[in-house]
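Asks: Sequence:
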Amino acid sequence: MSENAAVDHEAAAGGRRGRGDRGGAAARRAARTGGGPGQQLTYIRRQIKVYEVLDEEGLALIEKNADTVLEETGIEFRDDAEALQLWKQAGADVKGERVRFPRGLCRSLLKTAPKQYTQHARNSERSVQIGGNATVFAPVYGPPFVRDLDGNRRYATIEDFRNFVKLAYMAPSIHHSGGTVCEPVDVPVNKRHLDMIYSHIKYSDKPFMGSVTAPERAEDTVAMAKLVFGDDFVENNTVLTSLINANSPMVFDETMLGALKVYARHNQACIVTPFILAGAMSPVTVAGTLTQVLAEVLAGASFTQLIRPGAPVLFGTFASSISMQSGAPTFGTPEPSLVSYGAAQLARRLGLPFRTGGSLCASKIPDAQAAYESANTLNSTILAGTNFVLHSAGWLEGGLASCYEKFMMDIDQLGMQQKFAEGVDLSENGQAMDAIRQVGPGSHYLGCDHTQANFQTAFYRSAIADNNSYEQWLAEGEKTAPQRANELARRWLESYEAPDLDQGIDEALQAFITKKKESMPDAFT
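Read the sequence shown against our numbering and you will find it ends at 525, with the numbers running on by one and no gaps.
Please keep in mind that the hints were generated in silico from the structure rather than gathered at the bench. None of the values given here were measured: they were computed from a predicted structure. Hints are not guaranteed to be accurate.
[To be verified] Derived lysine to aspartate or glutamate pairs resembling EDC-like cross-links, with alpha carbons at most 16 Å apart:
| no. | residue 1 | residue 2 |
| --- | --- | --- |
| 1 | LYS166 | GLU497 |
| 2 | LYS202 | GLU159 |
| 3 | LYS202 | GLU507 |
| 4 | LYS364 | GLU397 |
| 5 | LYS191 | ASP148 |
| 6 | LYS95 | GLU56 |
| 7 | LYS95 | ASP79 |
| 8 | LYS202 | ASP502 |
| 9 | LYS516 | ASP148 |
| 10 | LYS191 | ASP522 |
| 11 | LYS515 | ASP195 |
| 12 | LYS517 | ASP195 |
| 13 | LYS516 | GLU219 |
| 14 | LYS166 | GLU494 |
| 15 | LYS166 | ASP500 |
| 16 | LYS515 | GLU497 |
| 17 | LYS88 | GLU71 |
| 18 | LYS49 | GLU422 |
| 19 | LYS95 | GLU72 |
| 20 | LYS479 | ASP367 |
| 21 | LYS364 | ASP148 |
| 22 | LYS515 | GLU216 |
| 23 | LYS202 | ASP500 |
| 24 | LYS226 | GLU507 |
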């Protein structure tokens with residue numbers, strides 16, 4: 001499938017333009033601070049070069065080794081007779097659940113996968129490009145715990161889920177509503193996906209992800225998307241981008257394969273992602289990990305094309321190292337950054353959009369460790385040329401907790417990265433020759449015409465950092481960055497206004513959810 005045409009489906013979907021003043025003083029404030037609540041920045045169109053760590057010889061070596069792994073060792077497709085039959089028909093060597101691939105088979109199949117695509121939001125102004133020079137930030141995904149605004153670490157609830165969706169909707173540097181922003185454990189396991197998908201639709205009009213915890217839950221996601229966008233639109237466009245993890249090393253299980261098949265059949269995007277803790281789930285070396293990552297992605301991504309040629313698929317990787325003393329995952333270290341850079345190069349050579357990185361850390365609170373580790377991860381994410389960035393904001397404790405304060409601190413950093421990715425302005429205004437001529441030697445630029453014309457948007461202004469004097473900081477209560485983030489999150493949630501949703505669509509969604517819930521007993525395992 002080629003890149004989806006931009007289609008204005010707003011009337012059918014019930015979408016509305018985002019709230020908030022888009023002009024005047026509000027727009028100027030948004031530009032210089034990365035925006036405020038309701039001030040949406042578009043997805044990033046990178047104007048900076050990517051950073052590459054492998055030369056042609058190194059890339060060819062990794063690709064050769066990955067082809068050897070696919071041919072000699074193979075990949076297991078567990079508990080899925082349909083998958084095994086499809087691979088056999090495609091020319092693979094299938095023995096039991098182990099599939100071995102002739103050299104070139106996976107690459108040949110991936111020729112039908114799009115290099116980039118549009119994921120449509122119910123508000124067409126929020127639709128995003130995934131691939132090419134675009135970078136899309138999505139929030140944290142998957143934690144069962146939250147660190148709340150009262151400083152408690154506890155199990156997440158559906159109210160927490162809604163709050164994170166609201167914050168992501170209001171955050172100008174978040175372009176995507178994400179998926180399981182936290183796991184609402186107060187809702188039965190077999191029904192919570194319905195409430196989560198509804199929350200993304202009701203409380204945001206940005207694009208979102210689907211459920212992958214069972215094939216029938218993926219089907220429910222597609223059905224709900226069709227209530228919003230219409231059957232034909234969903235089948236011919238992409239409105240969902242969802243996460244399919246490999247069970248590394250070298251296994252795809254029944255659950256992930258089932259969800260993959262549902263989304264691919266309906267032309268919805270899958271992020272095929274080896275979940276790697278190097279040293280435990282892949283070799284300890286960067287080259288060895290890259291070899292395994294490429295092999296797993298080739299097998300999983302090409303399988304989407306057996307289901308539906310042209311279905312969008314992303315080359316994903318989640319790579320972390322582990323402490324060789326405790327076995328605990330570590331973040332912000334050099335080796336995973338090298339894996340991200342190398343995997344991004346391999347993805348570009350395959351012609352697939354790329355997912356990695358985020359604001360990852362192992363810290364238990366939003367402290368200096370969290371900041372350093374997240375910054376190290378995020379910087380390499382941007383410089384690698386990543387197209388889809390999961391876990392961009394809110395990740396804490398190695399992914400076990402979603403943190404409100406960390407979420408606000410992270411979105412501040414995302415705004416800075418967006419500004420950085422714009423690159424150097426070489427326009428006449430950017431060259432500033434008039435300013436240099438006007439000021440001349442020995443004076444200053446504070447009052448010159450060019451500074452007066454540009455001062456409101458010249459530099460990114462953090463909403464979290466305190467750059468005032470020590471005396472002013474004392475007078476304002478000696479607040480730390482997490483305290484300022486806490487106050488900001490509370491203000492945002494208090495001022496939240498939901499985007500418009502067509503009443504008929506809302507009623508249809510609620511009726512669908514009620515019927516589905518009534519059709520099965522609660523299950524908490």
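Asks: All hints are to be evaluated individually against the structure, with a verdict given for each.
Replies: Okay, the hints, checked on the actual structure:
no.: 1; hint: LYS166 / GLU497; in the structure: holds, 9 Å
no.: 2; hint: LYS202 / GLU159; in the structure: holds, 13 Å
no.: 3; hint: LYS202 / GLU507; in the structure: holds, 11 Å
no.: 4; hint: LYS364 / GLU397; in the structure: holds, 5 Å
no.: 5; hint: LYS191 / ASP148; in the structure: violated, 24 Å
no.: 6; hint: LYS95 / GLU56; in the structure: violated, 35 Å
no.: 7; hint: LYS95 / ASP79; in the structure: holds, 13 Å
no.: 8; hint: LYS202 / ASP502; in the structure: holds, 10 Å
no.: 9; hint: LYS516 / ASP148; in the structure: violated, 31 Å
no.: 10; hint: LYS191 / ASP522; in the structure: holds, 7 Å
no.: 11; hint: LYS515 / ASP195; in the structure: holds, 13 Å
no.: 12; hint: LYS517 / ASP195; in the structure: holds, 10 Å
no.: 13; hint: LYS516 / GLU219; in the structure: holds, 12 Å
no.: 14; hint: LYS166 / GLU494; in the structure: holds, 11 Å
no.: 15; hint: LYS166 / ASP500; in the structure: holds, 13 Å
no.: 16; hint: LYS515 / GLU497; in the structure: violated, 28 Å
no.: 17; hint: LYS88 / GLU71; in the structure: holds, 14 Å
no.: 18; hint: LYS49 / GLU422; in the structure: holds, 11 Å
no.: 19; hint: LYS95 / GLU72; in the structure: holds, 12 Å
no.: 20; hint: LYS479 / ASP367; in the structure: holds, 14 Å
no.: 21; hint: LYS364 / ASP148; in the structure: holds, 13 Å
no.: 22; hint: LYS515 / GLU216; in the structure: holds, 14 Å
no.: 23; hint: LYS202 / ASP500; in the structure: holds, 8 Å
no.: 24; hint: LYS226 / GLU507; in the structure: holds, 14 Å
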